[in-house]
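S.K.: Each chain is listed here by its residues.
2 protein chains.
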Amino acid sequence: MSTNPEKLEAIVSLAKRRGFIFPGSDIYGGLAGTWDYGPLGTELSHNIKELWWKHFVTEREDMYGISTATIMSEAVWRASGHLSGFTDPMVECSKCHHRFRADHLDDTKKCPDCGGELGEEKNFNLLFPVPMGSVEGNTSTAYLRGEIAQGMFVNFKNVLDTMRPKLPFGLAQIGKAYRNEIAPRDFLFRVREFDLMELEYFIRENSWEEHFEMWRKEMWRFIDRVGIDRESVHELEVGDGDRAHYSKRTIDFEFDYPFGRKELYGLAYRTDYDLKKHIEGSGVDLMYAEEGEERFVPHVIEPSCGHGRTMLAVLCSAYAEDEMNGEKRVYLKLSKEIAPVLCAVSPLLKNKPELVMKAREVYAMLKKEFGRVVFDDNGNVGKRYRRQDEIGTPFCIVVDFETLEGQGVTVRMRDTGEQERVDVENLNTYLKNKTY
Amino acid sequence: MSTNPEKLEAIVSLAKRRGFIFPGSDIYGGLAGTWDYGPLGTELSHNIKELWWKHFVTEREDMYGISTATIMSEAVWRASGHLSGFTDPMVECSKCHHRFRADHLDDTKKCPDCGGELGEEKNFNLLFPVPMGSVEGNTSTAYLRGEIAQGMFVNFKNVLDTMRPKLPFGLAQIGKAYRNEIAPRDFLFRVREFDLMELEYFIRENSWEEHFEMWRKEMWRFIDRVGIDRESVHELEVGDGDRAHYSKRTIDFEFDYPFGRKELYGLAYRTDYDLKKHIEGSGVDLMYAEEGEERFVPHVIEPSCGHGRTMLAVLCSAYAEDEMNGEKRVYLKLSKEIAPVLCAVSPLLKNKPELVMKAREVYAMLKKEFGRVVFDDNGNVGKRYRRQDEIGTPFCIVVDFETLEGQGVTVRMRDTGEQERVDVENLNTYLKNKTY
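Protein chains in written order, with the working numbering: chain A, 1 to 436; chain B, 1 to 436.
I should point out that these hints are in silico values taken from the structure, not numbers from a laboratory.
Do not take every clue at face value.
Unchecked claim - Cut-off 35 Å, straight-line C-alpha distance, at most; resulting in silico cross-link-like pairs (DSBU-like, lysine-lysine):
| hint | chain 1 | residue 1 | chain 2 | residue 2 |
| --- | --- | --- | --- | --- |
| 1 | B | 7 | B | 277 |
| 2 | B | 350 | A | 54 |
| 3 | A | 277 | A | 333 |
| 4 | A | 432 | B | 7 |
| 5 | B | 16 | A | 432 |
| 6 | B | 367 | B | 16 |
| 7 | A | 176 | B | 277 |
| 8 | B | 358 | A | 166 |
| 9 | B | 248 | A | 277 |
| 10 | B | 434 | B | 16 |
| 11 | B | 166 | A | 7 |
Because the structure is a prediction, the values reported are computed rather than measured.
Could you put the whole structure together from the sequences, leaning on the hints where they help?
M.R.: Structural data, given as structure tokens:
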């Protein structure tokens, strides 16, 4: 596919201008690889997490949610193999000393910044060390987690002991991970601090292919549900040499970002690698058996979804431009389940107290029911529509003089601009049932 | 008040046994000051956060939620004063080299562990440094945030520019903070990684007393709403010498934990200290004015709630023992809004397929509506009740032979053990409306 830097620029600019996403530590010039979510980004982010949790945890009976500390002890990362193996290949320019991901360069001889000669490739570990404790000379180094999966493996026994689940079952988690990326770039795509939405599904070895297929389908179902354009998603069967050391089969779900086709989600068969490593590392028995069965180490299927990459793919899928009433407009086709604002309520004219009062009343009713409702009486109605279109608000409700005569309000649809008149007492049900 | 170590022990033990809270990095002996939430703890934690957000953000019109990176640049912490001032007084034993919080010792001469002589008091900085970037000798040190408030101050201008709010308004955030505590202790009370639920409310200086009072009332309303026993909460007016350097007035809301009366929440008038510091530090204009007004730096009221401390105070308030049917029982009086499980559905007998089938049907209906619903057919009904009591499930629903004859199900109330018969088609409404 071809890249589309203008589209990325338009999305980044909209995200900043409308309060979705700002650079981290912004007033100090930003901190590379970190991003702050503004009011609308926080709501969108929250709604995506809730939808993921509903889809992968609440709506199922075989899932257990957990939420583990982001700092974990060195022993965890030694056992998991991350201390030695969680590295990216790095090269440094001998002249300007800039550093690059060796595997991202077309030419590994000359520096892309200054043309200087590049040094030898080295392995650079991505884990951030954290000096824990106050005893000088005796500080134990812990690490910010580079992936959230280890939180699930380390708690496998705790969940077995307390919840007594039967195989197959999964542990699910949403939470931060941290990687000291050599070169953060491409907006939310390659960052140093990010949320993951992930599950480890524990199975018997002989059923791995069946469960792998089941989760593959579930991931596609989620892709549709969250509003990522499925035409832009492509499965990549990761070859023998390219898979992570623990994986026997991996499918990457790649997305056509404006900067190219790159990873969005991953589905990996991790075998019994991790639990075995933690049995070795900790000496704790992490085996499983049902009555009369011999104890064994369960195998694992891992569907993994980056939260920031989901945000980005959702924004790329939702971003649209068209012409309406002879004017160019920009709008976000967000589904009503994740849109930061479900509906905006306005009086037709802001200088008519009777309209304003009625509009406030409708607003209060809807806000109580849905939360994600705003009151907007700035500018004229046309401007309000454009402003709401740009942040993806599915419905704009206007209280006009007919409303005062009991003729209902107008509900205007974002994508088509079409309007319907709806009775005030039916609005709650209407907004709940209307597909968008 | 007197302390009650047995009660703390009972709560810690229940929390571990039933899948609420485990030590972090548990199978490796734990990592001091970190905790992992199991399936029930994750749900309880989530429900508390949602309730806080609803109370302080969604139900109001003057609040803007944000969610900022946990790693912030050094410049932020230099400007805020944390690099130099975010310290605890520490003393070290000259003999065993254990370190202690000087202000937590009754006697600062002799070591409480070995009786050795304690050295001089030093200031120990609580910020965790994070080496960002890959360039050796040129790594910039960033810091894990020691408080989440700076995320709000640094984004003050971004929110002004994008959302155009009018004073008074607030920025709200829920998220992780990190402190390298000298001596983590008392379960969730003093930890190194924790969530905060906090808001910065921007006002005109002359209205600070009025807004301080408003937030004081709102915090009490939240204390009641989340289910913290208000008789165990005490306001402490923090004296001139004891307030943080930025505060002109602070009230601590202290709670009677089993280990003593200590801080739960804080309400601080931070004046214009932070914004002014960031204007100095960044050179960016963080002032505000309405039309025709001279630009000024807003003042700030900060209601701050620790999330782990809320969990702990909620558990302490909910923990109860009594006798029922001649047996001792333990139960958690959690409100139905935050209980990890809203209701459990069981067949009276698990070996009667017609009961099991009907119970599964009722379960499926309720799970679809409420999510937090479990199916429980282990042991006899009495045992199921006790198990659900212990995790705070407000309602236990049993499908019996009368159900098959259209006589409804029994709904048993956790606190009293009383039962009511409710028609299946009325269950959704019943559970929604029943106060608990």
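S.K.: Could you run down the list of hints and mark each one as holding or not?
M.R.: Hint check:
Restraint check: the Cα-Cα separation between residue 7 of chain B and residue 277 of chain B comes to about 44 Å, which exceeds 35 Å; the hinted pair is violated. For the given pair, residue 350 of chain B sits about 28 Å from residue 54 of chain A by alpha-carbon distance, which is consistent with the 35 Å threshold. About 45 Å separates the Cα atoms of residue 277 of chain A and residue 333 of chain A, which puts this hinted pair outside 35 Å; it is violated. Note on residue 432 of chain A and residue 7 of chain B: the hinted pairing is violated, with a Cα-Cα distance of about 46 Å set against a maximum of 35 Å.
Taking the CA atoms of residue 16 of chain B and residue 432 of chain A, the gap is near 40 Å; set against the 35 Å cutoff, the hint is violated. In summary, the hint linking residue 367 of chain B to residue 16 of chain B is supported, as the alpha carbons are separated by about 26 Å, within the 35 Å threshold. Taking the CA atoms of residue 176 of chain A and residue 277 of chain B, the gap is near 29 Å; set against the 35 Å cutoff, the hint holds. Among the hinted pairs, residue 358 of chain B with residue 166 of chain A is consistent with the structure: their alpha-carbon atoms are about 23 Å apart, no more than 35 Å.
Taken as a hint, the residue 248 of chain B and residue 277 of chain A pair is broken in the structure, with Cα atoms around 54 Å apart against an allowance of 35 Å. Simply put, residue 434 of chain B and residue 16 of chain B have alpha-carbon atoms about 30 Å apart, close enough for the 35 Å limit, and the pair holds. With a C-alpha separation of about 33 Å, the suggested pair residue 166 of chain B and residue 7 of chain A falls inside the 35 Å cut-off, and the hint holds.
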